[in-house]
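*Asks:* For the protein sequence lines, the chains are A and B, in the order given.
One point on numbering: in the numbering used here, the residue at position 123 of the first sequence is 123, and numbering is uninterrupted.
One point on numbering: in the numbering used here, the residue at position 346 of the second sequence is 346, and numbering is uninterrupted.
To be clear, the hints were calculated from the coordinates, so they are not data collected in a lab.
Check before you lean on any hint, since a few could be wrong.
[As the list claims (entries may be wrong)] Across the chosen pairs, the derived CB separations fall in these ranges:
1. A:Phe106 to B:Ala341: 51 to 57 Å
2. A:Phe261 to B:Ala334: 45 to 51 Å
3. A:Leu189 to B:Glu77: 53 to 59 Å
4. B:Thr132 to A:Phe106: 18 to 24 Å
5. A:Ile17 to B:Ala334: 40 to 46 Å
Bear in mind that the values here come from a model prediction, so they are computed numbers and not experimental data.
Virtual Cβ for every residue (Gly too), placed ideally from N, Cα, C.
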Amino acid sequence: MKHIKIRHTVDTVITYIIILAISLVFLFPILWLLLASFSRSGSLYSFDGFFPTEYSLDSFKKLFTDTALYNYPRWFGNTLFVASMSCLFGTALTILTAYCMSRYRFKSRKALMKTTLVLGMFPSFMAMTAVYLLMTQFNLINSHWGLILIYSAGAPMGYMTQKGFFDTIPKSIDEAARIDGATNAQVFLRITLPLASPMIVYTLLSSFVWPWSDFILPQLLLKEKDLYTVAVGLMSLGDDEFARFAAGSMFIGVPIIVMYFALSKFLISGLSAGAVKD
Amino acid sequence: MTHPKVRKQHFKTVKEIVKRANGKVVCSACIMGLGQFLYRQWAKGILYLLIQIAAICFFVFVGAEAIAGFFTLGTIESNAWYGIEGDNSVIMMLMGILAFIVLAIYLYFYYANIKDAYAMQCAVEQGKKPRTLKDEMRSMLDDKFYKTALFVPIIGVCIFNVLPIVFMILIAFTNYGPDVKPPVLIDWKGFESFIKVLTLGQFAPTFFKILLWNIVWAVLSTALNYFCGLGIALLYNKKCVRGKAFWRMFPILAYAVPGFITLLGFKFMFSYGGPINQMIVEAGGKAIGFLDLDAKWSARGIGLVVNCWLNIPSSMLLATGILSNMNRDLYEAAKIDGASAFKQFTAITLPFVVFATTPILISQFIANFNNFGIFYFLRGGGLIADGYFLASDTDLLINWLYNLSISNDYYSIGAAISIIIFLFTSAVSLAVYVLSPSYRQEDTYQ
Chain A
1 MKHIKIRHTV DTVITYIIIL AISLVFLFPI LWLLLASFSR SGSLYSFDGF
51 FPTEYSLDSF KKLFTDTALY NYPRWFGNTL FVASMSCLFG TALTILTAYC
101 MSRYRFKSRK ALMKTTLVLG MFPSFMAMTA VYLLMTQFNL INSHWGLILI
151 YSAGAPMGYM TQKGFFDTIP KSIDEAARID GATNAQVFLR ITLPLASPMI
201 VYTLLSSFVW PWSDFILPQL LLKEKDLYTV AVGLMSLGDD EFARFAAGSM
251 FIGVPIIVMY FALSKFLISG LSAGAVKD
Chain B
1 MTHPKVRKQH FKTVKEIVKR ANGKVVCSAC IMGLGQFLYR QWAKGILYLL
51 IQIAAICFFV FVGAEAIAGF FTLGTIESNA WYGIEGDNSV IMMLMGILAF
101 IVLAIYLYFY YANIKDAYAM QCAVEQGKKP RTLKDEMRSM LDDKFYKTAL
151 FVPIIGVCIF NVLPIVFMIL IAFTNYGPDV KPPVLIDWKG FESFIKVLTL
201 GQFAPTFFKI LLWNIVWAVL STALNYFCGL GIALLYNKKC VRGKAFWRMF
251 PILAYAVPGF ITLLGFKFMF SYGGPINQMI VEAGGKAIGF LDLDAKWSAR
301 GIGLVVNCWL NIPSSMLLAT GILSNMNRDL YEAAKIDGAS AFKQFTAITL
351 PFVVFATTPI LISQFIANFN NFGIFYFLRG GGLIADGYFL ASDTDLLINW
401 LYNLSISNDY YSIGAAISII IFLFTSAVSL AVYVLSPSYR QEDTYQ
């Protein structure tokens, strides 16, 4: 009995050491950027090793007040708008697609599945040229709705993850509801969706992060400085603005972290555990 | 596998309709909705008629011209001297493809219209009432719910994914290049660009060198990301770990910072004036150009590690989501049978996770194969190494494509290369997918 207890303690200690190491690996580069954002000089070359020699809040102040050339607050608002809209539409479309692909057996189903798989394999930005031309034809250059349209329309292509999840929810739950007289739409809204909440959270997060941090598409479609998203804006900063870059990038992480904590409760609990008794 | 059977039935209905259709169905075939009117289904009839009118308007005013333009790719050469605004071949091709998509959608409705009329004929023959619009709507929310739900996603994917891809494929068969681009007219040239890529001394050696490195990169980085992510998720799921949400926060933090920022950060970190070199110099060493033009393997290694840092958090999140949906009873049973923790992992956890994630594994492989950002931001674009044509030794095919097409206007060559990439990746992943349990036994866990 004692032997087992010791082994258990050793196991716990090792686990914690590994966890600490992992946390450090993930934290360090971010900490480095954070400290860099507080540096007084703003240039990387004045640092002593990893850390700045002098600290100040100047770059943050500049970030939000000196908006003549680089309007950071504006960029931030733009990005928030584009990302949250695309997140909502994209998630809805993805979940619907995944649900249908998982639960229905219809004649073009396997063909659709193979087609999407194949389509996803094309190197995407060769297609960018075409997307750009298309947007000029639809008059959606320099428009945030154009971006939202592209992000949301592209989102269902990644339905496979969600379908994999729906495949693991026992069908007997659906059948029980059908016997009780629910229609398929009701089964989806009242039963499958609540059960799939961890997967919805994952989808929400991932479809938010993509537009939030994408760089190529907004750079292609947004030509006016006031319409920039944060990613494009930060890239347009000059070389001598490292501290401002670091400060600006700190705030990029905030919405995602807030979202994660707001939603993490759903992510962790598997609701369908024990829903079916065999 | 119900598929072949369903397809056979499908052809049977077409044959049956052709053989047995009565006059009213033929009316529907001539003018959409007419048959429905004759069966006194006014609502349906009007709906189909409106579709017909919209389609006719579209093709008369825009569609026919667009389709013609697709084949000619423009006939009027622009001439600034005489003030002639010529045809833009690229836009004509794009609009032509769009018109074909609209045509396909129209044909779908046309077929649905005939099938509907025939269904009415059958219903009347059997003495039943034909299905009204209301019945159809109800069925759209029930047994045909998938049709309602998939309509918008499919249209969106057609316009923003299929159309650009088709466009790109077609570009490979033209002579769109540095010398031939709008306003010069572009022409169809068949397989010329493919032959150039595979045989011409200019392109072929670079292509094969990059392809080899690209495969090594994709396999290594996918395996690393996947197993590290799964490992971390399992670690955080252990019973002895307290404050799971707190520990998970660190990878999430990394996930929260957009990739290009981290990549630029790492670039600074490994640069000559960066902290790592400063420490080396202070210790009496010489500054190392980790990401220099001749730093082949150190740059590749840094790329792999940084890519892990970027992608492990998302695979961890995913694995956490999947693990949370597992049936806990299996573990209880295994414990009673005396299975060790390792045995539980290989016999229960791994098959389940692999089952649920094979498709994702494939898509991650593809994403890594076509990872544009990593070396673009880490080393800065546009590096050209010895023995390469417009590429460097860390460049993946996608980076080469960028250099060729976006920076240097070799569009048709670039398109030909992307088709070759596509053929390769799709062959690999389709094979893996079709052989995987998540495709063959979809219902295992349902």
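*Asks:* Do A:Ile17 and B:Ala334 keep their Cβ atoms within the hinted range of 40 to 46 Å?
*Replies:* Since the Cβ atoms of A:Ile17 and B:Ala334 sit about 27 Å apart, the hinted range of 40 to 46 Å is violated.
*Asks:* Taking 45 to 51 Å as the hint, is the beta-carbon distance of A:Phe261 and B:Ala334 inside that range?
*Replies:* violated, 34 Å
*Asks:* State, for the Cβ atoms of B:Thr132 and A:Phe106, whether the hinted interval 18 to 24 Å holds or is violated.
*Replies:* At 23 Å between Cβs, range holds.
*Asks:* I want to verify a distance hint. Is the separation of the beta carbons of A:Phe106 and B:Ala341 within 51 to 57 Å?
*Replies:* violated, 43 Å
*Asks:* Honestly, do A:Leu189 and B:Glu77 meet the 53 to 59 Å range at C-beta?
*Replies:* holds, 58 Å
Of the numbered hints listed earlier, those contradicted by the structure are 1, 2, 5.
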